[in-house]
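*Asks:* The chain contents come next:
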Amino acid sequence: MTLTKRELQRYDRQIRIPQIGTEGQEKLKKACIGIAGAGGLGSPAALYLCAAGVGKLVIIDRDIVETGNLNRQILHSQADEGKPKAVSAQEILTRLNPDIRVEVRQAEITPDNTAELFSGCHGIVDALDSLETRYVLNQAAMDLGIPLFHGAVNGFEGQAMTVIPGQSACLCCLYKEPERKTDRPLIPVIGVTPGVIGSVQAAEAIKFIIGRGNLLTNRLLRYDGLAMTFHDFGINPRPGCSHCRSFTEGGTP
Amino acid sequence: MITIHIPLILRHLSDDAETFQVEGSTVGQCLEELVKAFPGMQASIFSKKGEIHHLIEIFLNSKTAHPDELRRPTVDGDEIHVVTLLSGG
Numbered sequence: 001m002t003l004t005k006r007e008l009q010r011y012d013r014q015i016r017i018p019q020i021g022t023e024g025q026e027k028l029k030k031a032c033i034g035i036a037g038a039g040g041l042g043s044p045a046a047l048y049l050c051a052a053g054v055g056k057l058v059i060i061d062r063d064i065v066e067t068g069n070l071n072r073q074i075l076h077s078q079a080d081e082g083k084p085k086a087v088s089a090q091e092i093l094t095r096l097n098p099d100i101r102v103e104v105r106q107a108e109i110t111p112d113n114t115a116e117l118f119s120g121c122h123g124i125v126d127a128l129d130s131l132e133t134r135y136v137l138n139q140a141a142m143d144l145g146i147p148l149f150h151g152a153v154n155g156f157e158g159q160a161m162t163v164i165p166g167q168s169a170c171l172c173c174l175y176k177e178p179e180r181k182t183d184r185p186l187i188p189v190i191g192v193t194p195g196v197i198g199s200v201q202a203a204e205a206i207k208f209i210i211g212r213g214n215l216l217t218n219r220l221l222r223y224d225g226l227a228m229t230f231h232d233f234g235i236n237p238r239p240g241c242s243h244c245r246s247f248t249e250g251g252t253p
Numbered sequence: 254m255i256t257i258h259i260p261l262i263l264r265h266l267s268d269d270a271e272t273f274q275v276e277g278s279t280v281g282q283c284l285e286e287l288v289k290a291f292p293g294m295q296a297s298i299f300s301k302k303g304e305i306h307h308l309i310e311i312f313l314n315s316k317t318a319h320p321d322e323l324r325r326p327t328v329d330g331d332e333i334h335v336v337t338l339l340s341g342g
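In order, the protein sequence lines correspond to chains A and B. So for the first sequence, my numbering puts the first residue at 1; every next one is plus one. So for the second sequence, my numbering puts the first residue at 254; every next one is plus one.
Bound conformation, chain A alone (with noise of 0.2 angstroms):
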């Protein structure tokens, strides 16, 4: 997929980045990322994938945008108050990038349609804020067998997690319990949090299209915005795991 004389121009700093180049940039080009939720974590993943030139963003997010959202999300403003997530996303992301293609979807994410709604993606953007549906967008990847780049924060605490099925360990062999119902209470979180998280969640899908750098399968990245530290730890495939039992029950992880 040849780049224009404006793609050119427009992705000219990173096409001087050697990992990256012309074919890195084509690669980018082709490629299709969903992003599951377009709150505090979808919001700075989106916009470095959309201003990096990732060819098709798959969005979906069912709310409607709230003043409460504003000190994170910064997907969307004070004007988008009331207006559909996924719409307000779709606006600001087109503006950002008319090169590329935004397919939005106001839509829940359920077991019953995860094929239809990540169909044609090559990797998922999770930036969802419930456990129970992180479950769901979990066994989704493993059915497609897409990558998930799994990112969570609470206040001033962050981390990220790539999972390659058939690969590496996944949501569930890290969580454990994916039948456990879980409230939904409010989490408290500073937006330069999701802000960081969302973007090594970018940069994890970057890496992935273009082939390029050591992702974060079986680690989990931690940051800890108050030390200002960050921390990688081990995570092993785990042994019965219900999502990806045929890659662990398959033998030697």
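Take the hints with a grain of salt, since some may be wrong.
With a Cα cut of at most 20 angstroms, we get these calculated EDC-like pairs of lysine to aspartate or glutamate [what the hints assert, rightly or not]:
| no. | chain 1 | residue 1 | chain 2 | residue 2 |
| --- | --- | --- | --- | --- |
| 1 | B | Lys301 | A | Glu177 |
| 2 | B | Lys316 | A | Asp232 |
| 3 | A | Lys176 | B | Glu304 |
| 4 | B | Lys289 | B | Glu276 |
| 5 | B | Lys289 | B | Glu271 |
| 6 | B | Lys316 | A | Glu23 |
| 7 | B | Lys289 | B | Asp268 |
| 8 | B | Lys302 | A | Glu177 |
| 9 | A | Lys176 | B | Asp321 |
| 10 | A | Lys176 | B | Glu322 |
| 11 | A | Lys83 | A | Glu103 |
| 12 | A | Lys207 | A | Glu66 |
Read the hints as simulated data drawn from the structure, not as lab findings.
Since the structure of chain A is already known, use the hints to place chain B on it.
*Replies:* Then chain B, alone, in the frame of chain A:
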């Protein structure tokens, strides 16, 4: 001595201490010492059955200690990270 790293979310239960030094020959003994010093952490780290809470991950020297976390042997200089798994977005 073994160093236990306390996650930010639980530091209101440790007088804001980021780390706590203990002696113990297993992860379980070390965590018992932590809870003795900061009893408020009991319900956050352990389930009612005395197992590690399902949203807590224990890392020994930066590698997951799961499964059988509490029985993992520890030696002088080891580092235990108590990590609360996050869910906000």
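*Asks:* Broken hints, numbered, in rising order?
*Replies:* 6 and 12
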